[in-house]
Amino acid sequence: MKSVKIIKISAGNFSFWYGAMKALSGISMDIYENAVTGIIGPSGCGKSTFLRSINRMNDLIRGSRADGAMLLDGKNIFEPDVDVVELRRRVGMVFQRSNPFPKTIFDNVAYGLRVNGIKDRNYIAAKVEKSLKDAALWGEVKDRLRQNAFELSGGQQQRLCIARALAVEPEVLLMDEPASALDPTATLKVEELIHELKKKYAIIIVTHNMQQAARISDYTAFFMMGELVEYDQTTKIFTNPSKKITEEYITGRFG
Amino acid sequence: MIKRMKEKIIHGLFFLNGLLVIAALLGIFLLLIVTALPAFKEIRLSEFLFTAVWDPTSYARPSYGILAMLAGTLLVTCGALLIAVPIGIGTAAYLAEVASPRVREIAKPVVEVLAGIPSVVIGFLGIVLVGPFVARIFHTSNGLNALNGSVLLAIMALPTIISLSEDALNAVPVSFCEASLALGASRWQTVILVKIPAALSGIIASCMLGMGRAIGETMTVLMATGCAQAMPHSFIDPVRTLTATIAIELGEVAYGSTHYYALFAVGLALFIITFMVNLASDVILHKYQNVVK
Amino acid sequence: MKAKQAEEIIGFLLLRLCMAVIVVILCVIFYDSITKGIGSVSWEFLTAMPKNGMTEGGIFPAITGTFLVTVITAVLAIPLGMGCAIYLNEYAADTMVTRLIRLSIRNLSGVPSIVYGLFGVVLFVQFMRFGTCLLSAGCTLGLMTLPWTITASEEALKNVPKAYREGALALGATKWQSIRTNVLPYAVPGMLTGTILGLARAAGETAPILFTGAAFFMPFLPESLFSQFMALPYHLYIMSTQHHAITKVRPLAYGTALVLIVLVFAMNFSAVVIRYHLRKVKKE
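Chains as they are written, first to last, in my numbering: chain Z, 1 to 255; chain E, 1 to 293; chain C, 1 to 284.
In short, the hints are calculated from the structure, not lab data.
A quick note: this is a predicted structure, and the numbers were derived from the prediction, not measured.
Errors might be hidden in some of the hints.
[Said to hold, decoys possible] With a cut-off of at most 20 Å between alpha-carbon atoms, the simulated EDC-like pairs for lysine to aspartate or glutamate come out as follows:
id, chain 1, residue 1, chain 2, residue 2
1, C, Lys158, E, Asp167
2, C, Lys175, Z, Glu230
3, C, Lys162, Z, Asp59
4, E, Lys8, C, Glu155
5, E, Lys8, Z, Asp83
6, E, Lys8, Z, Glu79
7, E, Lys3, C, Glu90
8, Z, Lys199, Z, Asp107
9, E, Lys3, Z, Glu86
10, E, Lys8, Z, Glu169
11, Z, Lys244, Z, Glu230
12, E, Lys6, Z, Asp73
13, E, Lys3, Z, Asp83
14, Z, Lys189, Z, Asp107
15, E, Lys3, C, Glu166
16, Z, Lys103, C, Asp94
17, C, Lys175, Z, Glu129
18, E, Lys287, C, Asp94
19, E, Lys3, Z, Asp81
20, C, Lys175, Z, Asp83
21, Z, Lys198, Z, Asp107
22, E, Lys6, Z, Asp81
23, E, Lys8, C, Asp94
24, C, Lys4, E, Asp167
25, E, Lys3, Z, Asp59
26, Z, Lys200, Z, Glu169
27, E, Lys8, Z, Glu230
28, C, Lys4, E, Glu97
29, E, Lys3, Z, Asp176
30, C, Lys162, Z, Asp176
[Stated by the list, open to error] Computed Cβ-Cβ distance ranges for the label pairs, DEER-style:
id, chain 1, residue 1, chain 2, residue 2, range
31, E, Ile2, Z, Ser180, 38 to 48 Å
32, C, Arg180, E, Ile33, 19 to 29 Å
33, C, Pro79, E, Arg136, 47 to 57 Å
Backbone N, C-alpha and C fix where the C-beta goes; we use that ideal spot for every residue, glycine too.
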C-alpha cells in the first residue's frame, strides 16, 4: 500500500437510473489495483447498484440508464463500442447467494473457459486445478471433481463460485456480500481468501457487516441514498471519519 | 467482433420466430377474407347474414343464408353453457375449497384426462350412448339433436371452465377469507359471499373461453346433432352448426365455385365470432388483474 | 347456528355432487369404450389392413397414418414453439411487438380447429401445391399445436433460476452461450412435457385433417410425404357416421375408439411421467 498506487477503476460523476428512480447520483471515486475496497451503507443506498455497474450487470434490467464515466484502465466502459461480454470476462463477479450451476464441480470452473472459446483439455484441467487451489478449495474437492456442485456445503459453494470467477483470469473481482449467507467458520475462510487474492486483483466488496469491512478492506466507501458520503483509507474511516453521519453509521446508530 | 455479429444474428432469428406467430394469425385472417370475398360477388351480404335458407346446390336458385346455422350454433352453445357453467364452477369450488390435498391429487388428473379425450370419441359416444338415451326420454327417432350436442359440448367445455375457475379461486388472497371467517361466517358463506365474487372476473373469463371452445368445436356437433337444414325451434330439434356445415360440404364442393367461397365466408364468420369471444375473455381477465394490483 | 351448519353441509354436498358428475362422466366414457371395444381389439386388428369395404380386417394404416402425421406435427411445432418461447422469455423487451405476439398466441389457441383446416386447404394444399397429403395435414396440425407448445415451453423457461443466467453472463458468456449451455439443458425436459401434451391433442384431432390429407379408405401405407393417409380419428368418424353398414361395423368403431383413447393416454401418461421425474430431480 505504501508503494505507488495504480488506479484500476475510476468513477467520474457517475449516476444511474432504474426507470425514473435515481439509484446513484454523481459518484466520483478511484479504485486501486492490488487492494480491497469495501463499500458499506444502509440497505438501498446504491452500493450493489454501483458494484453491478462496474461489469454492466445492470444492463439486464429493463429501463436502466447510466450517466457520467466509469473508467476501467482509463477507458469508459459505457461507451457504445465496448464489448460487454469481454468486459464481464475482465471484471469477475461473485454473487450474494452462491449460484453454482447444476453441473459437476469441474464443469462449473471450466464453464467460463469453455464459453470463451478454449477447447484444449489439458489447459482446462490445469486451469481448473489452479483456480480451485487459488480459491483454497482444491484440497476439499480434488477427489470428487465429477460430483454435482450442489453436494458442496454453502461455504464451499461460495468458494467454488470464486474459483469459477478466477478461472477466466479477470483483472477485477466484484463481490456482492459474498459471506452474508455463510456461517462464521466459512466466512472466515472466505475472508482469508480475499486477503490472499488481493495480491493479484483489484477487489471491490459490498458488505453489510461493519467488522468485516474493517477487517478485510484497505479502503472503505460509505454510500447513503445513492450518494458517496465518504471515501478514504479504512483505518481513517473507522477511527477518525471526517463526517458525522459516517461516524453515526459505523458506530451502529442507524442502518 | 465475430462473436458480436453472431449474437446479433441469433437474436434476429429468434425475433423472426416470434413474428411468425403474428404472421400466422394475420395470415389465417387474411386468407379467410381473400377466399371468402369472391362469394359476395354473387351473394348479397344481407342475404348471407339474415336469411335462414342454406341451399347452395339448388338448380333453380342457390341460396346462401347462414341465419339457421348461426341459430343452431348459438342454441347448442347456450345449452352447453347452461350445463357446463354450474357444474364447472361447482367442481372448481370443490377442488379449491372442499377437497383435501390427497383427493385433489387424484381429482385434478381426472379433469386433465377428460380434457384429453379426442372430440371425435366424444361425438361417437354421443351417437351410441347419449343419442339413444335422449331418444327414449323425448320419444324422438334417434336422439341426434341440439340437446345431445349441448351435452357433449358441455363435456368438452368443462375442463377449461374447471381449471381456469380454480386458478381464479386460488388467486383470491387468503386475507379476504380470513377476514370473513373471523366475522363469524361459515366456510360455505365465505365461498359464496367472498371468494366467488372476488374471483368473478376470472370465472367469467373461463366461461367465455369454454364458450369459445364450444362454438368452434366441429366433430362432436357434426356427429351428434342430426345436421338438419332448418331453423331450430327447440332443443329436441336436429340442428346444423357453422362448423358442421363446413365439415360436411367442403369435401364435395368444386374449387373456385361460389359455394366454395361461401364456405370460407362461413369460416370467416366463425373466426370473427370466436375471436370476439376470446378477446372479451382476455379483456375481462386483464381488468381483473389490474384491480388486484 | 343450526341453520348455518345445515346450509354449509348442503352447500358442500352440492359441490361434491358436481365433482361426482365429472368422475361419473369419465367412468362412463371409459367403461363403455373398454367393455365394448376390447372385444374387437386383437393383434390382427392392430396390424392388418382393412378388408371387404372396411367391414373386416384391421386398422393398421390408420395407426401408421396418425403416427406419421404426428411426427410431422412435432417436427414443425417443437422447434418453432421453443424458438418463440426463447424469444419471449429471454430476448423480448416489453414492447408493442411483444404484446402483439402474446395477443396472437392467445388468439391462435382460440381459433376453431376447422378454421385451421380451411387455412390448410388454401395455403398448403392449393397455394403451395402440396395437394391433400401427409405434409399438408402435418403442417396444418403443426400450426394448430404451435400456441400450446409456446406456452408450455415458456413456462419451462421461467422455472430456470435467474442466477444461472447471471452467473454465466458474469463469466463472460454471451447471451446465446448462457441460454444454450445454462438455460436450455434445464428447461428442455419441461418443454417436452408440455409439447407431448399438445401433440396428444393434435393426434386426436379430426377437423384440421378432413380436407388436407386424410383418406376415407386406403388399404396400403402412405408412400411419401405427398401421399394421402388414413388416420385413427377420421377412421372413427367414418366408421360411425359415413359407412354403408354402420350397425354392422359398430364393434370395429368401438375398437378404433378404444385404440385412439389408449394412444392419446399413453402420450399424456408419458408426459406426466417425465414431469414427475423432473420434480424428483429438482427436489434432490
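What hints, given by number in increasing order, does this structure fail?
As far as the earlier hints go, 2, 4, 8, 10, 12, 14, 16, 17, 21, 24, 27, 29, 32 are violated by this structure, in ascending order.
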